[in-house]
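Work out the full structure, taking the sequences as your base and the hints as a guide.
2 protein chains.
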Amino acid sequence: MNQEQKIVIIGCGAGGGTAAQFAKKQHRKSKILILEKGKYPQYSKCGLPYVLSGVIPKLSDLFEFSEEWFKKAGITLSTNTLVDKIDVNKKKVIAKKDDEIIEESYDLLIISTGSKPFIPPIKNIFLKDKLIDGVFSIRTIDDIKKIQNSVKKGKRAVVIGAGFIGLEIADNLNKIGINVKVVEALPQILLTTFDEDMSKIIYNKISEKIDIILNSTVTKIETKNGKINQLLIKNNKTNIEQKIITDFLILAVGCRPEVSLAKNIGCKIGKTGGIIVNEKCETNIKNIYAVGDCTEFLDFVTKRPVQIGLGSIAVRQAITAGINASGGNYLMPKGVLQTRTSKFFGLEIAGVGPTMDFLISDKIVTATFKGFSLPPYFPGGKPISLKVIADKKSGKIISAQAVGNNAAQRINSFATAILAEMTIEDFKKLETAYSPAVAPTIDIVTIVCDIISKKLKIK
Amino acid sequence: MNQEQKIVIIGCGAGGGTAAQFAKKQHRKSKILILEKGKYPQYSKCGLPYVLSGVIPKLSDLFEFSEEWFKKAGITLSTNTLVDKIDVNKKKVIAKKDDEIIEESYDLLIISTGSKPFIPPIKNIFLKDKLIDGVFSIRTIDDIKKIQNSVKKGKRAVVIGAGFIGLEIADNLNKIGINVKVVEALPQILLTTFDEDMSKIIYNKISEKIDIILNSTVTKIETKNGKINQLLIKNNKTNIEQKIITDFLILAVGCRPEVSLAKNIGCKIGKTGGIIVNEKCETNIKNIYAVGDCTEFLDFVTKRPVQIGLGSIAVRQAITAGINASGGNYLMPKGVLQTRTSKFFGLEIAGVGPTMDFLISDKIVTATFKGFSLPPYFPGGKPISLKVIADKKSGKIISAQAVGNNAAQRINSFATAILAEMTIEDFKKLETAYSPAVAPTIDIVTIVCDIISKKLKIK
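Each protein sequence line maps, in turn, to chains D and S. First residue of the first sequence: 513, per this note's numbering; consecutive thereafter. First residue of the second sequence: 513, per this note's numbering; consecutive thereafter.
Wrong hints could be hidden among the right ones.
Same chains, same names: a pair is fine if it fits in one copy or spans any two.
Using 27 Å as the maximum straight-line C-alpha spacing, the simulated DSS-like pairs for lysine-lysine come out as follows [to be verified]:
1. K792 / K967
2. K518 / K966
3. K941 / K908
4. K642 / K775
5. K608 / K815
6. K966 / K584
7. K798 / K941
8. K904 / K537
9. K608 / K583
Keep in mind that the hints were calculated from the coordinates and are not lab data.
See the structure below:
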């Protein structure tokens with residue numbers, strides 16, 4: 513690519529912003545324009561819950577790259593710009609910026625439209641097409657601003673959804689003395705990211721600090737003076753209903769890919785609802801890429817489509833699309849690892865690879881181990897529980913889940929091993945770093961592999 | 513192996529003790545006898561420095577497996593038993609136990625004789641073949657007991673040697689208010705484990721808390737009433753001499769493999785002074801294995817012999833020798849990774865793979881990066897410096913060094929990548945675990961690989 517090409521990017525989240533940067537780095541002459549519907553520059557959505565507690569003092573702290581920063585980098589960021597339509601034949605996008613209609617031609621287009629929060633079907637949740645006063649989704653800076661107003665007034669909150677975000681919000685509200693309850697429709701917390709046994713360990717730890725109501729659905733909101741006052745909650749197993757008085761309700765039941773623009777131009781949408789992209793992050797439409805939460809991709813191990821909504825994946829797709837759009841040649845690995853982590857109520861958790869629900873149980877072997885971060889004789893060792901799953905036939909590592917000390921960095925070692933398609937036999941021979949004040953001679957990443965290795969031999 | 517074989521193990525350090533355990537696990541009918549010259553059961557040598565400060569309260573806390581424990585496991589441990597000779601033809605060992613001469617036949621023998629501290633040639637260091645009062649090496653429980661007596665009396669200490677152990681001792685003495693100086697003959701600390709640039713970072717951090725005298729050799733001990741009083745220290749560059757008053761002197765200038773028994777029976781000794789063993793941990797003599805600090809092995813990357821003295825390697829060799837001696841078939845990886853870590857003066861450091869000194873500079877590419885453990889917007893992120901070395905031609909990762917937050921676990925990911933022979937291009941695509949409170953979207957393990965990746969492309 514020698515001529516100056518124009519790359520238009522729709523959306524300036526982690527995906528769009530990163531794609532712009534890497535496109536520019538790849539080819540200095542690329543003209544890059546980001547169209548962002550919101551009024552803010554690139555900010556960290558994942559950091560939002562921490563502003564509620566003040567752990568992150570101000571919302572503006574979340575800004576990662578300002579309009580000025582982009583300008584200096586030779587990238588144009590146009591905020592308040594909502595793309596209405598993509599015209600594939602004329603290679604242009606039609607958008608509305610501050611009520612004015614604008615058209616922008618493109619040589620290459622990167623769709624990074626993200627996702628929108630799912631609103632569960634609760635009676636009275638809407639008042640004239642808007643969420644009723646006191647009910648909030650959590651996806652944007654404006655959502656947090658609204659919640660912050662309620663935080664000042666109310667002292668009781670209910671969070672629906674015991675996934676990463678729901679629990680992070682609960683933790684941050686709890687930190688400032690809000691009485692929080694978490695309502696989860698399923699029989700376990702963190703269903704899509706942790707297996708039942710590991711989820712139970714996490715539940716036992718955090719339920720000491722917060723009420724979690726499992727197997728339960730909020731069915732109705734009762735209001736008082738046009739504002740939320742009480743929730744009707746039904747146990748899905750017993751059908752018993754209970755009422756909970758609350759000052760506000762936060763919805764953290766996941767997101768759905770925002771694909772309407774892509775759908776309209778014939779981008780293939782996968783089973784999960786995300787735009788299908790290849791290893792170059794190309795859609796099926798020529799010159800159009802897609803990255804981030806609006807896409808689906810194959811899981812590295814199962815090769816089945818997944819739609820994850822992880823910032824880490826969005827950023828890696830964005831690097832790929834950005835480089836390729838600017839004439840480079842860069843491939844994603846043959847699937848996403850779904851490496852994930854969170855920390856709430858002082859507990860660090862992490863995982864990589866599919867959970868048991870996505871695997872066929874007689875084709876796998878599992879092992880779990882609870883150990884400590886330091887040798888037994890060294891004071892201050894912290895507990896860590898580790899689970900590993902391997903393929904019965906090949907012995908290859910499929911996934912791992914960790915709860916406790918340095919869960920994330922330990923899981924990164926497993927992620928490396930999965931990416932390298934290592935077997936348990938090879939990985940268990942890893943010389944892990946050992947020193948009494950840092951880690952045991954045989955780290956628990958090795959011990960758990962030794963356990964599963966024995967099971968693999970019996971099979 | 514169906515018949516009952518007798519496995520004799522010389523030495524009950526981490527190597528001997530672990531070999532015994534794995535030999536027994538591999539084959540319940542194996543008869544296992546450990547002959548240990550000291551009076552203590554298996555204990556952690558690496559934990560010794562921490563008893564000085566009281567971080568580990570008692571020396572007996574270091575005992576990992578007692579004689580009773582071994583007995584229950586069906587393993588006989590004979591302490592106070594010094595092996596004098598191995599008779600290869602008659603397949604027996606001759607030892608002295610409490611002044612009585614005993615003979616023990618073996619079917620298989622595992623030599624785990626460890627290493628002995630090197631005593632530098634300092635004038636007046638010996639008095640009648642013994643270290644003069646106030647001078648200590650640090651290798652055994654008895655060494656620590658002696659030092660503990662001096663700690664009570666003295667308030668000034670000099671440690672010779674700024675390697676892992678020297679600095680750990682300095683830290684632990686410093687913790688209890690001893691005025692410690694470290695004297696290092698070389699121009700940098702940690703020469704064999706860290707490159708000059710990384711060593712400098714460590715030096716700058718810890719020299720705020722302790723005096724380190726580089727390029728200097730203790731040439732003479734001056735005594736007063738038969739006890740150490742003053743040291744003569746010479747700068748190796750300027751030849752300028754200075755005198756330092758001290759109450760005691762600790763020698764931490766490394767160890768030499770203890771191979772006299774092995775040498776006498778014709779075991780091949782390598783360039784490094786260690787017994788040469790293969791991937792099964794066999795010596796060149798039939799039915800005789802060797803493990804731990806008394807051996808040398810090939811480095812995974814350079815395939816050159818190394819003699820490391822790391823507990824982590826000793827234990828992994830011991831697992832291998834134990835299983836094989838009991839009729840199993842278990843191989844070490846094709847070399848040792850030399851994964852290593854330590855923590856002193858609050859600073860965690862770690863490395864894996866050879867340092868630059870063992871590499872040919874025009875065949876490698878290096879990159880270093882200083883980043884933080886958390887995203888910039890999240891408070892509490894801790895600094896971490898990371899260096900990575902790759903092979904210019906293949907792009908494979910050769911080694912990595914880290915200073916700061918979670919250095920060890922981050923280095924474990926690199927160790928995994930090296931063991932899997934991954935290239936920088938593959939490893940930099942790793943999806944690392946991301947969450948604002950845990951780690952950045954692109955962990956610095958990836959950033960440093962991205963930097964080196966660009967250099968690899970220019971080459």
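Within, between, both or neither, where K798 and K941 count as close if Cα-Cα is 27 Å or less: between (46 Å within a copy, 25 Å between copies)
Is it within a copy, between copies, both, or neither that the alpha carbon of K792 lies no farther than 27 Å from that of K967? Intra 39 Å, inter 23 Å, cutoff 27 Å: inter-copy only.
Within, between, both or neither: K941, K908 at alpha-carbon 27 Å: both (14 Å within a copy, 20 Å between copies)
Can you tell me if K608 and K815 fall within 27 Å by alpha carbon in one copy, between copies, both or neither? Neither, since 39 Å and 63 Å both go past 27 Å.
Could you figure out if K642 and K775 sit no more than 27 Å apart (CA to CA) within one copy, between two copies, both or neither? within (25 Å within a copy, 85 Å between copies)
Intra/inter-copy verdict for K904 and K537 if alpha-carbon distance must be at most 27 Å: Close across copies (23 Å), not inside one copy (44 Å); limit 27 Å.
Checking an output row: K966 and K584, CA cutoff 27 Å. Within, between, both or neither? Result: close only across copies, 22 Å inter versus 58 Å intra.
Homomeric proximity label, K608 with K583: Cα distance no greater than 27 Å: within (21 Å within a copy, 81 Å between copies)
Up to 27 Å between alpha-carbons, please classify K518 paired with K966: within, between, both or neither. This pair counts as between: shortest inter-copy Cα distance 25 Å, intra-copy 57 Å.
Against the hints set out earlier in the document, a violation occurs for number 5 only.
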